[in-house]
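Start from the sequences, fold in the hints, and give me the full structure.
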Amino acid sequence: MRTQRYIAGKIFQALLTLLFILTFNFFLFRILPGDPVAVLTKTQGVELSAEQQEELAIELGLREPLPQQFVGYLGDMLQGDLGLSTLVDPGTPVTEVFLRDLPKTLILVGTSTIASIALGIVLGIYGGWKRGRALDMSSMTGSLFLYSMPEFVLGILLLLLFTKYLHLFPSGGYSSVTGNLTGVAYVVDVVNHMFLPWLTLTLAYVGEYYLVMRSSLLDVLGEEYITLARAKGLRDKFVLRRHAVRNALLPTVTLVALSFGFVLGGAITVELVFSYPGVGKLSLDALRKQDYPVLQGTFLFFSMAVLIANLIADIVYGYFDPRVRAMR
Amino acid sequence: MKTERPPVSQPTEADAIPVAPPSGRSIRWKRRRIAATRFWHQFRRNKMGMVGLAILLFFGAMAIYSLFADPASLSKIAVTEESIAPCTFRDLPCAPSGNNILGTDADGRSVLSLVIHGSRMSLLVGLLASVIAMVIGSFVGIVAGYVGRATDSVLMRLSDFMLVIPWLALAAILATIIGQNVWVIIGIIGFTSWPGASRLIRAQTLSVKERLFIERSRALGGSAWHVISRHILPNVMPVIMANMILTVAIAILSESALSFLGLGDPLRVTWGTVIDEAFSRGATSIGAWWWLLAPSFCIVAVVLAFTLVGYALDEIINPRIRER
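Chains as they are written, first to last, in the numbering used here: chain W, 64 to 391; chain Y, 20 to 343.
It should be emphasised that the hints constitute simulated quantities derived from the structure, not laboratory data.
Fair warning: this is a prediction, and the values are worked out from it, not measured in the lab.
Some hints could be false.
[To be verified] Label-pair restraints from in silico Cβ distances: (1) W/Leu-79 to Y/Pro-115: 52 to 58 Å; (2) W/Ala-120 to Y/Trp-244: 50 to 56 Å; (3) Y/Asn-200 to W/Ile-375: 35 to 41 Å; (4) W/Phe-75 to Y/Pro-41: 55 to 61 Å; (5) Y/Arg-237 to W/Gly-285: 30 to 36 Å; (6) Y/Thr-56 to W/Ile-375: 36 to 42 Å; (7) W/Gly-72 to Y/Pro-253: 35 to 41 Å; (8) Y/Arg-235 to W/Gln-353: 55 to 61 Å; (9) W/Ser-112 to Y/Phe-158: 52 to 58 Å; (10) Y/Val-154 to W/Met-367: 44 to 50 Å; (11) W/Ala-181 to Y/Arg-44: 30 to 36 Å; (12) W/Arg-304 to Y/Phe-158: 51 to 57 Å; (13) W/Gln-132 to Y/Val-154: 33 to 39 Å; (14) W/Arg-304 to Y/Arg-44: 42 to 48 Å.
[Claimed, not checked] Computed from the model, here is a short list of chain W residues facing chain Y with C-beta under 7 Å: (15) Ile-74; (16) Leu-78; (17) Leu-82; (18) Met-212; (19) Leu-224; (20) Gly-235; (21) Gly-236; (22) Ser-238.
Each residue gets a CB set at the ideal place from its N, CA and C atoms; glycine is no exception.
Take a look at the structure:
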């Protein structure tokens, strides 16, 4: 019962934040320069008289009072109607443009995040447990370096090394341009293209997760219940697995969720380095060409992604740690 | 309300040697000097922190040097056959050799001087943005923690909201609206980097608030402003400082990412804009590694240095970690 109330509360908070985001999004894109009517007519290549322009403005709801526009906007958003793309892919619904690129980003960011979390946690546990050993010291140094390195710098270095000098991987894109590959050959080709951006994103965040997991484990190892567990004569492995790691994982969960916004930001720059046609590249295109409907869509997507990551973290946290549930 | 000073007995005729009592100010300064010395002794024992500090001093000197260095070396017009020797105009960008120990860019400008001039703006953006973030973060954190109740919930919701906003996308949009100007970029990074720090500062405020000397001060009639500025703030300050140093690192990373996306100030050279130009002019495909490596190295070194110093400060003010 308590768990359900806790989760319901978290979902309510997330919905409140969502409303915040939608409102913010609405006003942010109302203050952007450029008249939507002028942009539309320009892209469709039609000359419109002043009257027709006025009619179009009324049709688009631009002459209605702001509150009314806002209600209409909320309605559109709930139906998943984000308008039409103006310059990136003129006339196509934003959702369509978006759904075309979304899977590519999801698979890239999803798999690399899972890989860096897994690697970071495993190394972090080892580092905290065998503090000061050779592997810990080298992981520590490596992590600090990776943490200090912007994602795009890492990407550029890998690009130089693997494509320019070692000629091992293609320098960018999602698949080969010839495009007549099918079945297994196609999958191999895509994986071949995705490997470097994937490696970049994985390495870029492994350091951060390692550092947090390690320090969180060190914190827990200083607790009295660990001393007690040892005094009871439990085996070290058991103490580590059952007592220490479980509790040390909690702060790491929060950090992973909080850093997700940065991971997405990193994905934008990495997609640029490897000209990987995902949502990050799409938002950059939209920004450069001033395609506001598409930009608004990608902005909404990034905010929602972080929001959902945070919600999942909160729920996981509540599930693992009964104290959190009891507190509210 | 002013700080109470114990009443000082006036020297009377009976006193053999009239000694002027130490003033409040001199006592405070003495206490601060002792605290600073003790702090320095602790910091000096932290090897990683000292390495970080050394790197920072090096780059600080570089930034100061750049103030006096000739800005003409950044202009494309100043490039001559002699300045790019032993290369010729045909084989630009020129690999490290002869006159240019770090090579040149595609216009023949020395990468070394680009990097030196870039240090000033990169550091300035990092420091100023971090100061803005800390002022906002401290204000929100302390007010939320001290006032509590509805104010606390509203401020924490606000910071939740700021945490969810995808900062890079927001910064990119704002830079497009307001203009690609270095001050705008400082503002954007500052205004989007405070939420994390505000939570830590709030937590620290909550723990300081429960201490007895706060109760004493309020019982004596101290106003909220007095309690916050004279008692809470000095006790929260160490957390603020450690966070500020760590935020500088993040702000420098943020600036470089924005510049790399082509949203930097087109009139100023930072390490980020050098990498952006190198990348967009095909340095990776022609293999001009020197053009990319030097600014990248600087970013990594400075961010690493700030992080090391930040961790060292954190360790000193959080004695729990130090014991182990």
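So, going through the hints one by one against the coordinates:
no., hint, verdict
1, W/Leu-79 to Y/Pro-115: 52 to 58 Å, "holds (56 Å)"
2, W/Ala-120 to Y/Trp-244: 50 to 56 Å, "holds (51 Å)"
3, Y/Asn-200 to W/Ile-375: 35 to 41 Å, "holds (38 Å)"
4, W/Phe-75 to Y/Pro-41: 55 to 61 Å, "holds (58 Å)"
5, Y/Arg-237 to W/Gly-285: 30 to 36 Å, "holds (35 Å)"
6, Y/Thr-56 to W/Ile-375: 36 to 42 Å, "violated (48 Å)"
7, W/Gly-72 to Y/Pro-253: 35 to 41 Å, "holds (36 Å)"
8, Y/Arg-235 to W/Gln-353: 55 to 61 Å, "holds (60 Å)"
9, W/Ser-112 to Y/Phe-158: 52 to 58 Å, "holds (53 Å)"
10, Y/Val-154 to W/Met-367: 44 to 50 Å, "violated (30 Å)"
11, W/Ala-181 to Y/Arg-44: 30 to 36 Å, "violated (58 Å)"
12, W/Arg-304 to Y/Phe-158: 51 to 57 Å, "violated (44 Å)"
13, W/Gln-132 to Y/Val-154: 33 to 39 Å, "holds (35 Å)"
14, W/Arg-304 to Y/Arg-44: 42 to 48 Å, "violated (58 Å)"
15, Ile-74, "violated (14 Å)"
16, Leu-78, "violated (12 Å)"
17, Leu-82, "violated (10 Å)"
18, Met-212, "holds (5 Å)"
19, Leu-224, "violated (9 Å)"
20, Gly-235, "violated (10 Å)"
21, Gly-236, "violated (14 Å)"
22, Ser-238, "violated (20 Å)"
Checked against the numbered hints given earlier, the structure breaks hints 6, 10, 11, 12, 14, 15, 16, 17, 19, 20, 21 and 22 and satisfies all the rest.
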